[in-house]
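With the hints as extra help, turn the sequences into a complete structure.
If you read the sequences in order, they're chains A and B.
Oh and the first sequence: position 220 is 464 in the working numbering, straight run, nothing missing.
Oh and the second sequence: position 60 is 853 in the working numbering, straight run, nothing missing.
Note that these hints are calculated values from the structure, not bench results.
Source: prediction; values computed, not measured.
Any given hint could be a false lead.
Interface residues of chain A toward chain B, partial, derived using beta-carbon atoms under 8 Å [to be verified]:
#1 295
#2 303
#3 492
Beta carbons are placed, not taken as given, at the ideal position from N, Cα and C, and that holds for glycine.
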Amino acid sequence: MIDTPFVIAGRTFRSRLIVGTGKYASHAVMAQAHAASGADMVTVAVRRVNISDRSRESLLDYIDPDIFVLPNTAGCYTADEAVRTARLAQEAGLSNWVKLEVIGDERTLFPDNEALIEATRVLVREGFVVLPYTSDDPIACRKLEDAGAAAVMPLGAPIGSGLGIQNVNNLRIIREFARVPLIVDAGVGTASDAALAMELGADGVLMNTAIAGAREPVAMAEAMKHAVIAGRLAWLSGRIPRKMYATASSPIEGMVGR
Amino acid sequence: MRITLNGEPHELDEPLSVADLLMQLSLDPRRVAVEHNLTILKRQLFADTLVHEGDRIEIVNFVGGGSSLVMSDY
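Put into structure tokens, the structure is as follows:
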């Protein structure tokens, strides 16, 4: 089956899987996991350079040059802080794309949608391609779209929780509403979670911990690659309706002994 | 002369440009972004921008991260 390409803000991606760069045991393992995942977009955080210890290698040396680097505003708690971080990321990275996060609560890491929408407006006005991480709330997603977001990225479950998709119905509704790419961001624990997100019609899935935290990150990255492909194909293929009772799939006619 | 570099006091022997400061710190100017007294500095201006006594300089780069759980000291 021929799929439509995965396009965000005019840029086409080969893979519908987007992965993170955090929490790996080493940069080398991360690079192997990236290769195994097939992802051609990875997300990175923006932080102060460690002045006292310059011995550490640069993260970017371990990211394949063919992979698109998407800076995020992880750890920002206000719209101002997120906007400032996005601007710094633009200067450091020579791209105007940002995965926008404005966190509202330390324990759940749930987004502050009000501040997120405000920051989206500011950055869109400055010409940024904004991919906001938001709650699984169709109204918040709609408002982000109206603010000019290039995609909406509702969470499946809290960041790093590995709980899988918690509100399947909301994601269905968001799928119905969304006119920009829908990327499920956060909450994936294992391959079936990623497949489910895609089966619900998401255009892509973003994950970090599910791969980086697995006992075998490289193998899990490969599992996620297949899960996203399988889920996408299942969505495109149109699943059968759920029924309460069995429907035989072999003919009754010609049974031996009848 | 003393400046504030990434939130910490930092001593410099003589006035110098942002480009020189980055070189002193062995930082690749293509891999970082610099904020000079809360204003983001375009890379083309690194060589022509002088650091003065009391200036606040922030130098950031990219580190590993997916979402808000970030490996802080990559």
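Exercise for review: Verify the interface restraint on residue 295 (chain A): the C-beta must sit less than 8 Å from at least one C-beta of chain B.
Suggested key: holds, 6 Å
Check your understanding: Holds or violated: residue 303 (chain A) as interface residue toward chain B, Cβ cutoff 8 Å?
Key -> holds, 6 Å
Exercise for review: With chain B as the partner, please determine if residue 492 (chain A) meets the hint condition of a C-beta pair closer than 8 Å.
Suggested key: violated, 46 Å
In this structure, only the earlier hint numbered 3 is contradicted, and the remaining ones agree with it.
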